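Enquirer: Assemble the dimeric complex from its two separately framed chains, guided by the hints.
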Amino acid sequence: MRAQFVMAEIWIGLRRNLTMTIAVIVSVALSLSLVGAAMLLNSQVNQMKGYWGDKVEVSIYFCNKNNQKNTKDTPNCASGEATQAQIDAVHSQLDKNPLVQKVYTETPAQAVVNFKKQFPDSPLAPYVTPDSFNNSLRVKLTNPSLYQEVASQVEGQPGVAKVDDQSAVLKPLFNLMNTAQWVALAIMVIMFGVTLLLIVNTVRVSAFSRKRETGIMRLVGASNFYVQMPFIAEAAFAAVVGAVLASGMIAVGKFVLIDMVLKKQITLISFIGWGPVIQVMPLLVVIGVGMSSLAAVLTLQKYLKV
Amino acid sequence: MIRFDNVSKTYPKQNRPALDNVSLEIEKGEFVFLVGSSGSGKSTFLRLILREERPSTGEVHVLGKDLAKLSNWKVPHMRRQLGTVFQDFRLLPNKTVGQNVAFALEVIGKPRGTIKKVVPEVLELVGLAGKQDRMPGELSGGEQQRVAIARAFVNRPMLLIADEPTGNLDPQNSVGIMKLLDRINRTGTTVLMATHDQAIVDQMRKRVIELDQGHLVRDQSRGVYGYQH
Numbered sequence: 023m024r025a026q027f028v029m030a031e032i033w034i035g036l037r038r039n040l041t042m043t044i045a046v047i048v049s050v051a052l053s054l055s056l057v058g059a060a061m062l063l064n065s066q067v068n069q070m071k072g073y074w075g076d077k078v079e080v081s082i083y084f085c086n087k088n089n090q091k092n093t094k095d096t097p098n099c100a101s102g103e104a105t106q107a108q109i110d111a112v113h114s115q116l117d118k119n120p121l122v123q124k125v126y127t128e129t130p131a132q133a134v135v136n137f138k139k140q141f142p143d144s145p146l147a148p149y150v151t152p153d154s155f156n157n158s159l160r161v162k163l164t165n166p167s168l169y170q171e172v173a174s175q176v177e178g179q180p181g182v183a184k185v186d187d188q189s190a191v192l193k194p195l196f197n198l199m200n201t202a203q204w205v206a207l208a209i210m211v212i213m214f215g216v217t218l219l220l221i222v223n224t225v226r227v228s229a230f231s232r233k234r235e236t237g238i239m240r241l242v243g244a245s246n247f248y249v250q251m252p253f254i255a256e257a258a259f260a261a262v263v264g265a266v267l268a269s270g271m272i273a274v275g276k277f278v279l280i281d282m283v284l285k286k287q288i289t290l291i292s293f294i295g296w297g298p299v300i301q302v303m304p305l306l307v308v309i310g311v312g313m314s315s316l317a318a319v320l321t322l323q324k325y326l327k328v
Numbered sequence: 234m235i236r237f238d239n240v241s242k243t244y245p246k247q248n249r250p251a252l253d254n255v256s257l258e259i260e261k262g263e264f265v266f267l268v269g270s271s272g273s274g275k276s277t278f279l280r281l282i283l284r285e286e287r288p289s290t291g292e293v294h295v296l297g298k299d300l301a302k303l304s305n306w307k308v309p310h311m312r313r314q315l316g317t318v319f320q321d322f323r324l325l326p327n328k329t330v331g332q333n334v335a336f337a338l339e340v341i342g343k344p345r346g347t348i349k350k351v352v353p354e355v356l357e358l359v360g361l362a363g364k365q366d367r368m369p370g371e372l373s374g375g376e377q378q379r380v381a382i383a384r385a386f387v388n389r390p391m392l393l394i395a396d397e398p399t400g401n402l403d404p405q406n407s408v409g410i411m412k413l414l415d416r417i418n419r420t421g422t423t424v425l426m427a428t429h430d431q432a433i434v435d436q437m438r439k440r441v442i443e444l445d446q447g448h449l450v451r452d453q454s455r456g457v458y459g460y461q462h
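Protein chains in written order, with our numbering: chain A, 23 to 328; chain B, 234 to 462.
Just so you know, the hints here were simulated from the structure itself, not pulled from any lab data.
Remember, predicted model here, so these are calculated numbers, not experimental data.
One should not assume that every hint holds.
Here are the simulated distance ranges between beta carbons [as the list claims (entries may be wrong)]:
| no. | chain 1 | residue 1 | chain 2 | residue 2 | range |
| --- | --- | --- | --- | --- | --- |
| 1 | A | LYS327 | B | THR290 | 21 to 27 Å |
| 2 | B | GLN453 | A | ARG234 | 34 to 40 Å |
| 3 | A | ILE34 | B | SER271 | 36 to 42 Å |
| 4 | A | GLN26 | B | ARG367 | 20 to 26 Å |
| 5 | A | ARG234 | B | SER271 | 21 to 27 Å |
| 6 | B | ARG367 | A | ALA25 | 26 to 32 Å |
| 7 | A | ALA30 | B | GLN453 | 45 to 51 Å |
| 8 | A | VAL319 | B | GLN247 | 43 to 49 Å |
| 9 | B | LYS350 | A | ILE34 | 52 to 58 Å |
| 10 | A | ILE212 | B | GLY297 | 53 to 59 Å |
| 11 | A | VAL319 | B | ARG451 | 45 to 51 Å |
| 12 | B | GLY370 | A | ILE212 | 45 to 51 Å |
Selected chain A positions facing chain B (Cβ under 8 Å, derived; list incomplete) [claimed, not checked]:
| no. | residue |
| --- | --- |
| 13 | PHE27 |
| 14 | LEU241 |
| 15 | VAL242 |
| 16 | GLY243 |
| 17 | ALA244 |
| 18 | SER245 |
| 19 | ASN246 |
| 20 | TYR248 |
All C-beta atoms, glycine included, are put in the ideal place defined by N, C-alpha and C.
One chain only, chain B, in its complex shape (with noise of 0.2 Å):
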């Protein structure tokens, strides 16, 4: 699904890597956290899967696919295979509920049938039956962060990206959103997810990567958040 071969990121007027001799390997239908401070390399790591980035050194297969290789025109194709969500939402305000998630589906050109009828189901699936109409202001953020997952899952991507979900959430609304991603985990989807959530990564007992200045320092299967910083 998702495997790094060395892969080094320096960016432009940096010294140190932002990514350092990274290689680990993600199989189809794992969920995985990403965990590390600030600046450790996990917004890199996520940006090189999503191809946002190229790598200085080394080698990003996603999908089986060989990312270096992979020419600028065929990455949106790519891109649709991936969902994606982030901290903040990112949803269209003056759109409605609705709108939000057909609106990832007219851009890729679906046929209006098919957005008709898989818009009410995937928002059924993330628990907003009945909230298509309204606007995402009138949302709480548990439920707009919902609409986000509900946009990234509704093309049935093999991989969902999140990064920080529960990052603006209270406690109570972040088990939602994580039951909601161990759902979609659950239909085969591999999730990759990057968090501060010590509490989460405890509760939930899943594979657990650690970056540390650019360095993979722990690959834990049935791990916790670890070392206290």
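Extracted from the complex, chain A is given alone in its bound form (with noise of 0.2 Å):
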């Protein structure tokens, strides 16, 4: 194989076919940044979750020492900490209750970590004690709609402070974020279809166009391969530069959108940082390349007999 030979190959055939290859690149842009943003949107989600987000649909939160002070929110706390045993009650109950699943623990020392990690640039982060949390018990039910029967079981028992319906709090913001996702994922696949008909026509107009020298270079006896890689080696040359382009562009995106804007309204939700972002990059990359080098070798199968 002669490298610098096929590589002059190919620059030719890229010059030569300058508006198409810029059409080309454009649109494996837009559908690659696409992609990258449907992937960011589902890791945006997933942090949001926070660690019970889809886990449970019911929190049961004990009565701390604030409550105690503060009873004009928790009236239920005026006797004070809810004790081991209180919370057992409550446990126990759950657990002979058909509808729920399984309950997990949580104390205020657990509740402090799973903070700290959700919102590792919280500035409140240095401030958290885990007097700042109340023991709770987290619920996962077998049908998340009867949340009602459960929470009015034990709304009001000695020591409980609150019950909440995670699920209400968390949902409409999911399902906003999921239609989203679904409407990114839609128009991407449009631009799919869009960027591989441009790539087939790419390649057919490029290999009608160097007719000639691949009649020759059957002739001659070069290998399929040989005859059929710089066509293949164009339309992933031009994937990849769209595939760098569309790394840039969410790249911008994740800075403006999120880092100028939203984190400055919205302090109560984490946002992804750039390690996701980062991640989503090299997939784009082969994605993009894949894409390409399939629909250029397919479109030889047909155009360019060997």
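Expert: If you want it as structure tokens, here you go:
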């Protein structure tokens, strides 16, 4: 394999077909940035679900010292911090309930750890102590829609400060983000289709404009690989450039949308950092190169007789 | 070198076969003319040898190999042992004479050192010494055909197939090309040449194979172009 010769052939091919190459690059960049956006949206959703997010439906918080001082919100806590016996009583009640699939316990110390994991850069992080949290039971139901029956059973029991329907709080937000993800995926599928057609057409035109060369190559006994390689490499090259552009767009998008705008306006939500963004980038290159090479190979099967 | 056993070829959607039950053998080192009017099956005959087509029935053996049993990925290697020349030269107009010849070696992965050595040698053999850096457009038809022959011969093939190589040339240039093909034949390379050129066939007195409507109607050593059609 004469690398220099092959590179020269690829360069000639790309230049000869410049307008089409640019169209392929732009189209690959757009569809790959949609892929990246959908992936990042997914990791954002996972991030927001937090530690307990989609594992449980009901959270039962027990009274702690702070609740006793402020009985306006938690009238049930006037008698002070919940005792271990009270907690165990509720726990065993839940265990007997056929609607309950599993009960997890979370101590204030574990809660601190989970909080710090979910909000690593929260300004509050250095100040949270176990005293800021309650003992809690996290309940997974066999049927999440029957939340109310379980809640009413434990609400008002001695030591119980508050019962939360976890899903009621987060569900609308998750629904919104799921919808956004589906929309991104749908647009992505259409863009992928357009990109594939464009690549097929570009390779076809390229193969046609080099009919004379490939004809001679076949005649003198160049291997199929040698004849087809420049076309595949052209498509792959365009895909790499497109993937790099897409990575850039995603990085800029994350910086502008999340770091500059959303993070400043919404402090309650933990947003994704640069980690997931950087993880997505090589994936985009792989997807882009794989997709366009495959399209090129299939096109050549049809238009480049060997 | 080449053997046809009861070879027939019928193209899809055609009633009459392009070749009808043709059997013949061409030995190593021969010089063979393939004659016949347009549509007689000459091109099909050559395309079967190059394995651009496969026979409908019968067997084609080239260089001792049954082409029907040759897997697709081995076809390029088989073609490296064949040289091909056409009526329309088929040179690359944006490459120099030297690059055109070198192209045939580059695409089969020959090392650069070999290419640098053999390209001037073969250009000298075909009578184009010193014209390595000219563009094909600057050359006469006869010279362009010499470039094409150089490209076909640079890899020292066992068999040279020429499809009407003098079809676009005036008589004087044609004679030059024939002398060159004869010289190549004397190096031991088998030459198979399809032609319409009566004067050349009559003058060379080589083996003549004539096809008519797909049938082999004549196979004559030291023959002439034949009957007036």
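Enquirer: Hint by hint, note whether the structure agrees.
Expert: Now the hints, each set against the structure:
no.: 1; hint: LYS327/A / THR290/B: 21 to 27 Å; verdict: 23 Å, holds
no.: 2; hint: GLN453/B / ARG234/A: 34 to 40 Å; verdict: 37 Å, holds
no.: 3; hint: ILE34/A / SER271/B: 36 to 42 Å; verdict: 37 Å, holds
no.: 4; hint: GLN26/A / ARG367/B: 20 to 26 Å; verdict: 24 Å, holds
no.: 5; hint: ARG234/A / SER271/B: 21 to 27 Å; verdict: 24 Å, holds
no.: 6; hint: ARG367/B / ALA25/A: 26 to 32 Å; verdict: 28 Å, holds
no.: 7; hint: ALA30/A / GLN453/B: 45 to 51 Å; verdict: 49 Å, holds
no.: 8; hint: VAL319/A / GLN247/B: 43 to 49 Å; verdict: 32 Å, violated
no.: 9; hint: LYS350/B / ILE34/A: 52 to 58 Å; verdict: 26 Å, violated
no.: 10; hint: ILE212/A / GLY297/B: 53 to 59 Å; verdict: 55 Å, holds
no.: 11; hint: VAL319/A / ARG451/B: 45 to 51 Å; verdict: 47 Å, holds
no.: 12; hint: GLY370/B / ILE212/A: 45 to 51 Å; verdict: 47 Å, holds
no.: 13; hint: PHE27; verdict: 5 Å, holds
no.: 14; hint: LEU241; verdict: 5 Å, holds
no.: 15; hint: VAL242; verdict: 4 Å, holds
no.: 16; hint: GLY243; verdict: 3 Å, holds
no.: 17; hint: ALA244; verdict: 4 Å, holds
no.: 18; hint: SER245; verdict: 5 Å, holds
no.: 19; hint: ASN246; verdict: 7 Å, holds
no.: 20; hint: TYR248; verdict: 6 Å, holds
Of the hints listed earlier, those the structure fails to meet are numbers 8 and 9, in rising order.
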